[in-house]
Amino acid sequence: MAGSRRRALSMQRPERLTPRALLQERGVDLRDVVAVRAGGRVVDLHTPVDPGVELEPIRAADPAALAVLRHSAAHVMADVVQRLYPGTQVTIGPAIDSGFYYDFDRPDGAFTERDLARIEKEMRALVKRDVPFVREEVDRDRARELFAGMGERYKVEILESIPAGEAISLYRHGAPESKAGTWVDLCEGPHVPSTRFLGAVKLTSVAGAYWRGDERRPMLQRIYGTAFPTEEALAEHLARLEEAQRRDHRKLGKELELFLFHEWAPAMPFFLPRGAHVYHSLIDWIRGLYRQHGYAEVITPQIFDRRLFATSGHLENYRENMYLPTTGDAIDAARGRLDAALAAPDEPALRERAARVLLERDHPAFEQLAQKPMNCPSHCLLFAHRRRSYRELPWRVADFGRLHRYERGGVVHGLARVRSFCQDDAHIFCTPEQIADEVRAFDELLFGVYRAFGFDRVAVKLALRPEQRVGTDELWDRAEQVLEQVLTETGVPFEKLPGEGAFYGPKLEFHVTDAIGRSWQLGTIQLDYALPERFGLEYVGTDGAAHRPVMLHRAILGSVERFLGIYLEHVAGKLPVWLAPEQARIVTVSEKHAEYAALARDELVARGLRVGLDAGADKLGAKIREARLARLPYLAVVGDDEVRDGTLTPRAREEGDLPAMTRAAFAELLLTQAEPPRPAPRP
RNA sequence: GCCGAUUUAGCUCAGUGGUAGAGCAGCGGUUUCGUAAACCGCAGGUCUGGGGUUCAAAUCCCCAAAUCGGCUCCA
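Mapping to the numbering used here: the first sequence position 215 is 215, numbers consecutive.
Keep in mind the hints are simulated off the structure, nothing from the lab. Not one of these hints is a red herring.
SDA-like mimics (lysine to any residue), calculated; alpha carbons at most 25 Å apart, straight line:
| no. | residue 1 | residue 2 |
| --- | --- | --- |
| 1 | K461 | E480 |
| 2 | K623 | E595 |
| 3 | K592 | E603 |
| 4 | K254 | R628 |
| 5 | K574 | K623 |
| 6 | K202 | R59 |
Okay, the calculated beta carbon distance ranges per label pair:
| no. | residue 1 | residue 2 | range |
| --- | --- | --- | --- |
| 7 | V412 | E467 | 21 to 27 Å |
| 8 | G646 | D437 | 52 to 58 Å |
| 9 | V540 | D339 | 53 to 59 Å |
| 10 | G646 | P266 | 49 to 55 Å |
Even for Gly, the Cβ is constructed at its ideal location relative to N, Cα and C.
My request is simple: use the sequences and hints to build the entire structure.
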């Protein structure tokens with residue numbers, strides 16, 4: 001066994017030294033060395049390594065140091081928590097992208113903001129004392145005895161899940177001479193040499209989290225925090241968080257009067273005129289691209305007989321996310337039958353029927369209808385409505401239909417996750433031979449669209465078959481293969497996500513990185529052999545025989561709602577001229593200039609521009625402030641000079657003051673920028 | 001759905017058991033002004049909804065809803 005041989009080797013070779021000793025020999029300054037990279041692994045300075053292994057110090061400023069530092073901060077936090085709140089058990093506490101967390105099982109309730117402040121204070125004190133971290137390898141039985149003795153049930157469970165033969169390591173920190181003693185955790189490491197390296201720690205929030213992420217297991221208390229080598233780095237991080245808060249699309253949506261929510265339609269956005277304008281502009285732009293790329297747009301119903309979704313498999317596989325509406329008539333009829341049955345309680349047959357009405361799900365009045373959560377099934381009906389020829393393929397059907405999906409209360413979030421939305425959805429019906437070309441063409445179109453919006457970093461993921469799925473394994477094999485092949489051919493780097501595919505087919509996911517470094521999934525293309533099968537779709541091939549088409553589900557923006565939210569945050573509410581609901585506003589210096597300002601506004605509006613007018617009694621400064629807060633691309637000042645010369649003095653959102661220009665020149669300036677972008681080919 | 005928090009005027013928020021407040025926005029008036037907030041006044045509230053405790057509830061307790069941060073799930 002590898003583990004025991006490693007131990008045996010180390011016994012034979014007592015010359016194994018610690019990286020600290022080895023680096024000191026080489027005269028390396030160790031003051032800011034957090035850990036070392038030793039033959040591809042990150043290890044502590046005090047963990048002996050095999051002689052001759054390549055050592056590369058990781059210094060505090062190195063990005064790789066952050067994870068080590070934060071994981072150590074999690075230990076310090078757990079130590080403090082267990083001292084302050086006796087009886088609390090520890091579970092796991094990893095470093096994450098933005099910091100770290102530790103999950104606790106605390107018998108006497110949840111942690112409050114106040115608790116966080118208290119814990120943070122104690123952590124700082126411990127950091128200041130600069131106590132060392134020490135690693136110790138022990139055998140499994142000793143570790144079990146240790147944690148069982150401390151009553152740490154979760155640690156014992158983790159211990160049991162460590163594969164036999166793997167080394168069991170403990171980490172201690174603390175001052176044995178002090179009253180607090182040392183604190184020990186079952187941990188793989190590595191850790192910083194001593195608490196001094198945790199330059200700046202901050203606890204950020206508390207949350208519930210299931211043990212091992214499983215909603216059937218106990219709910220634990222998770223404390224989130226973050227740590228940086230210096231106070232400056234922490235301050236920078238907090239500033240970034242504030243920036244994200246400033247850009248929050250929910251806040252911008254309210255401030256810029258784009259959309260709102262109401263508790264009578266939870267998680268279903270209402271778009272105000274300005275928001276609706278942006279929304280429609282996005283759709284119109286995509287529509288224009290469709291015309292160039294051989295798509296045909298269709299309109300399909302909202303509500304269907306249940307048989308549509310029984311055929312597609314949605315009622316079986318997607319039921320928990322579906323709205324199953326009914327009609328007043330159906331309810332009244334059911335109620336009538338129920339009343340009649342209850343009025344004749346001596347009739348066993350009627351009583352039985354009443355019982356069935358009460359059971360609702362057995363009664364035909366319920367679940368007769370289904371609100372569509374996806375467009376694909378109705379597109380299958382369109383395909384099937386007459387005989388199709390191979391000459392018609394690929395048939396690309398686009399649909400901006402409104403979709404409704406019931407999402408659990410805790411998961412909805414602004415525009416990012418809603419219950420009513422539309423996608424830039426299209427389905428491509430094609431022959432198996434056409435798949436690769438279609439995926440390639442889509443890929444090209446998608447990258448062009450993202451670049452047009454300023455999303456330059458795109459990550460591609462290949463989501464493979466999930467557990468709950470329709471279709472045979474052979475179909476899945478073929479589908480997964482073809483997607484992987486196209487990606488490999490086009491040379492797009494990608495990551496595989498096992499188990500993440502849709503229930504009807506594997507998919508490519510396209511994730512963009514926004515202006516402040518966050519990643520969002522937007523587009524997707526999904527391969528589907530199953531739906532054509534279920535709907536019995538066929539086309540006549542060159543051979544005169546019937547063949548089954550393949551279906552590709554694809555979207556570039558994803559949901560228009562979600563895209564709008566992400567894009568608003570990407571541009572911090574500063575919509576470009578082509579999308580801005582109000583492209584410019586004429587503001588007057590005083591009310592004397594109102595007449596000329598109205599004339600200028602009318603002229604611009606007549607040229608198709610979206611121009612507002614502020615001729616009110618406020619001072620110029622106030623009007624400018626208001627226009628700036630509304631993030632208007634341009635304002636144009638009108639005072640005595642402009643009225644005299646027949647000009648406007650524009651002020652641009654980005655460039656600031658511009659020289660006075662004629663009204664026609666200003667119109668030209670706006671018109672050139674009002675042109676929607678053209679998706680550029682990949683460089 | 002689960003854990004925790006929040007909900008007071010259109011918006012942002014103060015008010016912790018004893019007569020509901022501020023700023024901004026709105027409306028009216030005064031001012032007619034040159035690049036991020038003129039001045040004065042007026043109006044605006046079943047304190048999210050329902051139930052309870054109390055002489056008395058925005059405030060304490062219970063139930064529900066919505067929202068926020070997470071978990072789980074996803075476009």
